[in-house]
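> Required output: the full structure, derived from the provided sequences and hints.
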Amino acid sequence: MQFRHVQLKNGLTLIGEINPNAQSAAVGFFVRTGSRDETPSLSGVSHFLEHMLFKGTEDLSSVEVNEAFDRLGAKFNAFTSEENTVYYAAVLPEFFSAAVELWCRLMRPALRTDDFDVEKKVILEEIAMYKDLPEFQVIDQARQLHFGSHPCANSVLGTEETIGNLTAEQMRDYFSRRYAPNNLVAACCGRFDFDQTRRLIERLCSAWEPMEVGRTLAFFEGTGLQKRQTQRGLTCEHICLMSPSVSMQDPRRFAASLLSVIIGDSTGSRFFWALVDPAVADTAVMHCEAMDGVGILSSYIRCPTENRQKVLQIVQNIFDELKQNGISENELTAAKNKVLSAITLEAERPMGRLVSLGFNWIYLKSYRPVAEDVQAVKSVTVEQINQLIRDYPLEKFTQVSIGPEDS
Amino acid sequence: MTLPGGLTVLVQPVSGVESASFAFLLPGGSAALPDGCCGAAAVLNDWLFRGAGPYNSRRLVEELDSIGLHRQSSVSPEYLFYGGSLQSENLFRALELYADILLRPRLQEDLFEPSRQLALQELEALDDDPRQKVSVCLYERFYPDPLGRPCAGKEEDLQQLTPPQTRALKERLFAWSGAVLSAAGKIDTHAFLRHIETLFGHTPACQECPPPPQAAADGYHHIPNPGAQVHIGFMTKVPPCDSPLYYSVMAACAVLGGGMSSRLFTEVREKRGLCYAVGTRYHSLRSFAGISGYAGTTPDKAEETLSVILSEFRRLRNGISEDELLRAKTGLKSTLIMQNESTSARASRLAADWFYLKRVRPLEEIRRAIESLTTQTVQEFLDGPFSQEFTFVSLGPQPLQSLQNQQES
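So the protein sequences, as listed, match chains A and B. The letter at position 223 of the first sequence is residue 223 when you use this note's numbering, and the numbering goes up by one with no holes. The letter at position 204 of the second sequence is residue 204 when you use this note's numbering, and the numbering goes up by one with no holes.
Hint data in this document are derived by calculation from the structure and do not stem from the laboratory. Incorrect hints may appear among the rest.
As the list claims (entries may be wrong) - List time: in silico PhoX-like cross-link candidates among lysine-lysine, alpha-carbon distance up to 20 Å:
(1) A:Lys396 - A:Lys378
(2) B:Lys170 - A:Lys120
(3) A:Lys9 - A:Lys378
(4) A:Lys131 - B:Lys154
(5) A:Lys121 - B:Lys271
Unchecked claim - Partial selection, computed: residues in chain B whose CB lies under 7 Å from chain A:
(6) Ala125
(7) Asp127
(8) Leu325
(9) Arg327
What the hints assert, rightly or not - From chain B, some residues computed to sit far from chain A (all C-beta separations above 12 Å):
(10) Phe49
(11) Glu63
(12) Ser76
(13) Gln87
(14) Val255
(15) Phe265
(16) His283
(17) Arg315
(18) Ser344
(19) Ala352
C-beta: ideal position from N, C-alpha, C; glycine also.
See below:
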């Protein structure tokens, strides 16, 4: 495994982890932009723009783009979050250069108005689809309530209103400000030729103009507000809790991640024994989300609506107990083994590895070999996690619950 | 290797990886259950992990967790699946625990109720996941009964289940005589086989006794739901996975609705903006298979969406182009090789091949079969009785008028 990187004069960075024994290779363009970088009138533009990149360039139509990727047998797609837009493709090694070239070209899209108008309908359908998924709704709303006036409260999808009012001109302007080469990282991993890829990127991307690109970073501990909402046609209660945690830049993120496994892994965790095992709830999980300068622990619980109060009481007891007595050595060992298995399995596929590789560079401006992450997980102590519980009180959570109307 | 009790063991060592994965596939899934017991497999699946061999419920989960096992288990109409992935040094320990779970589960009466309650809750949760609900209902109506019965169960049956009844059903659900254990990853084959012989050398002699399939429900069914979208599921019969036409079906399915350059994606989403999610996939049991599809759209666009989808099925019968075939072949080959990078996908494929084909297809054989596809071989499949009848399910504020009219006429 070899790591190489290069930065073009315009600021575009290419990083690569080369594994000559892999059977495939993956490429990703990581753009440091997302809903937190949007103003209210632009709400949803980052995600809409992600769709528009697939609509082609001055000399490629959307049908031609899709055909080109499929001709390479590529597993390709993109996703947008609060703070990143990521485009990726995994292919067999013989198609790698063609996949990189295609993405390079798409990073300078045509953004045609007629394509924009058709795609707007697709985005409105996507918004409608998520309305029918309470599991998604509750997490989205909890994020908005938790972050309050912090930009991480901004919705990734936007609303029917903001998307409806958005113009192609506004999108072009947003694109020109955010897709500057100095705000982009091209990450590659698996079996590929780094020098060939570097030459390709230099040839296709060197003319892109750098821009001043910023983002306001501020820590936010959350509003701690609570709300319940009813929705016609629902059967279960969907609950989301969010409490503050460490950021991606904080070395304690490994401890935070282990803590979330101890509390809310799908088996053997505190949530599992207190909620799922006795069938008080059928799902109860917690994830640690370390972001740019800020972080959250986010829990999702689904239960029969009549169990709502009981669930909240049990969660409160779990958090109180952790505050008083901390975690045990056995819990930590099991959590470490689970996380280490996950790291091992992920690293075995270039597509699995790509996301960690890219995000480490986006957030930390550094390369972290898998072995370094393994070491970081192994070295976390019980006391470090207990200190984390004291530093970021679990009981200071924001709470949203969505369920059927009370009978 | 096949053990005296009937368990077939398949091992595939993989170089350059640190993980290992295993998969148990036990014939006798939800379709093997007698009438009135729908969902017993889902209950049993949870109950099994509430204590086995020397371990009580808590100890068992702690033991599984302490080795960092990522486990999966699922119920299918024709088999039960238990799989896991972990760092290879813990593989043997994991299999020791699975020998306890699968051969010596405690199935304590006092721990039955939470398992049943969880099964009921998961069934209720389907109501809040429209796409999944449509898919369950679609399979139920498409496949001949009892093959389509929902694996998650039926409420009235789950309410009636008792611990002794469920315990007795384990015999039907665990047909060890035709079972497979596969493993892939960093594994020493000889040591692995010796270990398995010790653990699983004496499995109960249980034969699979599949019930004769009855007629399918077919036609159109609507589920009223006051949501934002109409969720449409559709399915039509195609040859099953042991058919010589299998690869032609896969190619045709890819061209129709497999990827982003597929006809449905292009016509429904790219050109008309009718849907965010639209596509098809191949779904096969041992003797029955279908191309199933899904589209989610807002109510005023539902009829147009359906009409475009049906006209694409009709157009497909006229054949596919050389370029479409080339893209489908490249996609199938690349999926094949990339799946091979995951030890868990490898273990699952080994077990599935054995279950459906009674042999393991070498990679090279699959690659050759894909390469030898031509537009003519695909046409042979399309010229057969393809897309003449459909099963439709919709979930949303209003039924689809055109389907309802057709149903009535």
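> Hint by hint, note whether the structure agrees.
Results of checking the hints against the structure:
Between Lys396 of chain A and Lys378 of chain A the alpha-carbon distance is near 28 Å, which puts this suggested pair outside the 20 Å criterion. Proposed proximity of Lys170 of chain B and Lys120 of chain A is contradicted: the alpha carbons are some 52 Å apart, above 20 Å. Distance restraint check for Lys9 of chain A and Lys378 of chain A: the Cα-Cα separation of roughly 39 Å exceeds the 20 Å cut-off, and the hinted pair is therefore not satisfied. For the given pair, Lys131 of chain A sits about 26 Å from Lys154 of chain B by alpha-carbon distance, which is inconsistent with the 20 Å threshold.
For the given pair, Lys121 of chain A sits about 11 Å from Lys271 of chain B by alpha-carbon distance, which is consistent with the 20 Å threshold. Because the closest C-beta pair between Ala125 of chain B and chain A is about 5 Å apart, less than 7 Å, the hint holds. With its C-beta approaching chain A no nearer than about 4 Å, Asp127 of chain B sits inside the 7 Å limit, and its interface hint holds. With a cut of 7 Å, the hint placing Leu325 of chain B at the interface with chain A is violated, because the nearest CB-to-CB distance is about 11 Å.
At about 4 Å, the closest approach between the beta carbon of Arg327 of chain B and any beta carbon in chain A falls short of 7 Å, and the interface hint on this residue holds. Not every Cβ of chain A is farther than 12 Å from the Cβ of Phe49 of chain B; the closest lies at roughly 8 Å, contradicting the non-interface assignment. The claim that Glu63 of chain B is not at the interface with chain A is violated, since a C-beta of that chain comes within 12 Å of its own (minimum 10 Å). Against chain A, the non-interface label of Ser76 of chain B holds: every CB pair exceeds 12 Å, the least being about 20 Å.
Not every CB of chain A is more than 12 Å from the CB of Gln87 of chain B (nearest about 6 Å), against its label as outside the interface. A cut-off of 12 Å between C-beta atoms contradicts the statement that Val255 of chain B is not in contact with chain A; the least separation is 10 Å. Distance to chain A contradicts Phe265 of chain B as a non-interface residue, since its nearest Cβ pair spans about 7 Å, not more than 12 Å. Consistency note on His283 of chain B: stated as away from chain A, and its beta-carbon is indeed over 12 Å from all of that chain's, at 20 Å minimum.
With a least CB separation of 16 Å from chain A, Arg315 of chain B remains clear of the 12 Å interface cut-off, as annotated. At roughly 7 Å from the closest C-beta of chain A, the C-beta of Ser344 of chain B falls inside 12 Å, breaking its exclusion from the interface. Chain A leaves Ala352 of chain B outside its interface by the beta-carbon criterion, the shortest separation being 20 Å against a cut-off of 12 Å.
The earlier numbered hints that this structure contradicts are 1, 2, 3, 4, 8, 10, 11, 13, 14, 15 and 18.
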